[in-house]
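*Asks:* Next come the chains, spelled out residue by residue.
2 protein chains.
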Amino acid sequence: MSELHLLSPRGFKASAVYAGIKMKQTPDVGLLVCDCAASAAAVFTTNKVFAAPVKVGRENVAGGRLRGVVVNSGNANACTGKQGERDAVAMCKLAAKVIGCDAKEILPSSTGIIGHLLPMEKVSDGIRWAAADLGNSAKHALQFGDAILTTDLTRKSAAIEVKFGKDRVRIAGVCKGSGMIGPHMTLHAPPHATMLAYLTTDAKVAPPLLRKLLAKACDGSFNAVTVDDHMSTNDTAALLASGASGALVSSKKDVERFAAALGEVCQSLAYQIAADGEGATKVVAITVTSAANEKAAKAIARAIANSLLVKCAMHGNDPNWGRIVSAAGLCGVPFDADKCQLKLQGTAVFRKGRPLVIDAAALSAKMNVKEVQVDLNCGMGDGVATVWTCDLSREYITINADYHT
Amino acid sequence: MSELHLLSPRGFKASAVYAGIKMKQTPDVGLLVCDCAASAAAVFTTNKVFAAPVKVGRENVAGGRLRGVVVNSGNANACTGKQGERDAVAMCKLAAKVIGCDAKEILPSSTGIIGHLLPMEKVSDGIRWAAADLGNSAKHALQFGDAILTTDLTRKSAAIEVKFGKDRVRIAGVCKGSGMIGPHMTLHAPPHATMLAYLTTDAKVAPPLLRKLLAKACDGSFNAVTVDDHMSTNDTAALLASGASGALVSSKKDVERFAAALGEVCQSLAYQIAADGEGATKVVAITVTSAANEKAAKAIARAIANSLLVKCAMHGNDPNWGRIVSAAGLCGVPFDADKCQLKLQGTAVFRKGRPLVIDAAALSAKMNVKEVQVDLNCGMGDGVATVWTCDLSREYITINADYHT
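So the sequences go chain by chain: A and B.
My numbering puts the first residue of the first sequence at 1170, with every later residue one more than the last.
My numbering puts the first residue of the second sequence at 1170, with every later residue one more than the last.
The shape of chain A in the complex, shown without the other chains (with noise of 0.2 Å):
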């Protein structure tokens, strides 16, 4: 995957210029543009408060058709009323403008800061100079990249290529996050955190066919991320596909292949995600096996990943699992502590109810690493769950407390 990029699947272009909203001259003005009407679907923020870019963005992807998107980072445009709204359908009419098609055919988005007017002149003048510099070069695609990110400290990318036949077909991606980050994205309404993913593919995948394939790819990946599970206002996902691959994606085996290849791009996409949360040292993936069902496998891997007392032994590389069962018991779904088995790093801790000899110290170096691996069988049922989160560090506090508004 490592030489394709998010402008590998034929039909798109993009780029980013730096219009001064961000402190860090970074671009923070980019534009995405497909060279037909794609094909597009996109899941947002199911928190009630959601930003006018999200309620402008709902409204232009229901008729699942976009020529392109424009996006800027440094400001949220959430919370900022009547203004707000006017100032997210502006964006999309000067985007429409330069790529010369209708408003409603532009999903706009922004991140950064809740609370403040996006400063239209900075962002007009962002969206004409980005119109100006629109090709598909692997410096695009960086470009458009750099311009989503926040506090992020890494670009995240990913893409595949996949046989259709004799179709070659490419899915790819970018995305955003390393704080507010506990998406729960649907495609009526939103996640935690503010979580931006943007991917493109040369398949054709009619529009409803292509919503259900993102949503079901979300809730495999950018869904099951938390940082610090505080659901963002601006949370969006969406897909474009523009067909110039040729590549028809409707048969049942076909729609398998296409929403495995999918689901990779968009678990790596999240996996970055964690690997980057704020202050994060380590990627801690949790997966719960054998519960009652589905529902109780998620509640209970969202818990163990949400709770701070596990994320601050993980980064203290602390083997004491205790606060792994107790926070698996506290989210109201069935568990039963008699019944389960919990492995760290592969090495059982507590079985059945009871407490297993351990050497502590030799466990504790098992988790000085990048990914600790936390199973959790339960014992009682089908459901299974994976979720990754990262350890809770002295400089996750640094930044957010000392990220001044």
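These aren't lab readings, by the way, just hints derived from the structure by calculation.
There may be inaccurate statements among the hints.
Repeated chains share a single entry, so a pair holds when one copy, or any two copies, can fit it.
[Stated by the list, open to error] Derived EDC-like pairs: lysine to aspartate or glutamate, alpha-carbon spacing no greater than 20 Å straight-line:
hint, residue 1, residue 2
1, 1464, 1315
2, 1508, 1254
3, 1251, 1505
4, 1385, 1463
5, 1539, 1564
Starting from the known structure of chain A, fit chain B onto it as the hints suggest.
*Replies:* Below, chain B without anything else, positioned relative to chain A:
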């Protein structure tokens, strides 16, 4: 309330000793004894994973009568299987023997590390030593209060005296809690965090009424405190009524007065837990009014209280109110940013969907105090709730990442 203490209500004795269970050389085994078979009620954690003493305690308090409480700190006796249950029963038997009652009349409690068997020899010695020193002085009350502490930095106690006609009724209590704090205690199930509270009164209250009064008092106090929202396996709040004042609480008016006084004691104790939250430098009091209903008010207040981003902003005296509004929207209950008003330390910052012009530096200075007040009027219905939490500091990480098992 300053001169009254846990043993001011007539009919109670207590004592505590250091038996070598905790690292820190402060009391770790305590006894609280009533001269008679007290009317008793207790609420326990609703965590599906509950400690052995919680299991035994639920059974023993079911009859509504107790002679005493035996407690140890330094070891939670949780996730310890059948042996843990036998140890909790053994604690009751040892205490019953020295008190001269039935083991079923004893409520056992433990707090500390999860997943280790109790050092029963030390517990047994501790109970015998404590029994030899029972008394009702302020010093005895202090010792018992100390015996329940773990990571707490401060002692927590409260007491009140109320006149009932010619009788003076006293209500007093001690509690512990600093981390693993997010109680949801109910009569039949459990809370978040190890929170222990023991309350005494010399009023005469029938067990069924006592249970109702305790549950109600806990809802507005202990269950409204969160430090890390991690419901513990051991949370317990117990109330013993000796009846020694002679004042019978049964008329509607008397019940209301008693409930108010009990509520005051519990709220004082709960507030002390928030103030001593691990790493806390300040209390954050979140009051939600005009929510769609009471359940929604509680959910919104808790979501704000548990947001790491809000807690970090409080630590940094940052009036980043977007984090508060977005937290209010993420918990799934009805909330509409276009109807609400948010005040931070009395200063309106957001009203009906629109940000207000504020002097951020002046407001930040107003937040640099020991208690920050957050007031969110939802503009929807008559739901009201208050939740207390603390800020999140680097010290929290230090305490919980470096506290090794």
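*Asks:* Does each hint hold? Answer for all of them.
*Replies:* Hint check results:
1. 1464 / 1315: neither (35 Å within a copy, 42 Å between copies)
2. 1508 / 1254: between (52 Å within a copy, 17 Å between copies)
3. 1251 / 1505: For residue 1251 and residue 1505, the Cα distance is within 20 Å only across copies (14 Å; inside one copy 50 Å).
4. 1385 / 1463: within (14 Å within a copy, 35 Å between copies)
5. 1539 / 1564: Within one copy, since 17 Å is at most 20 Å while 24 Å is not.
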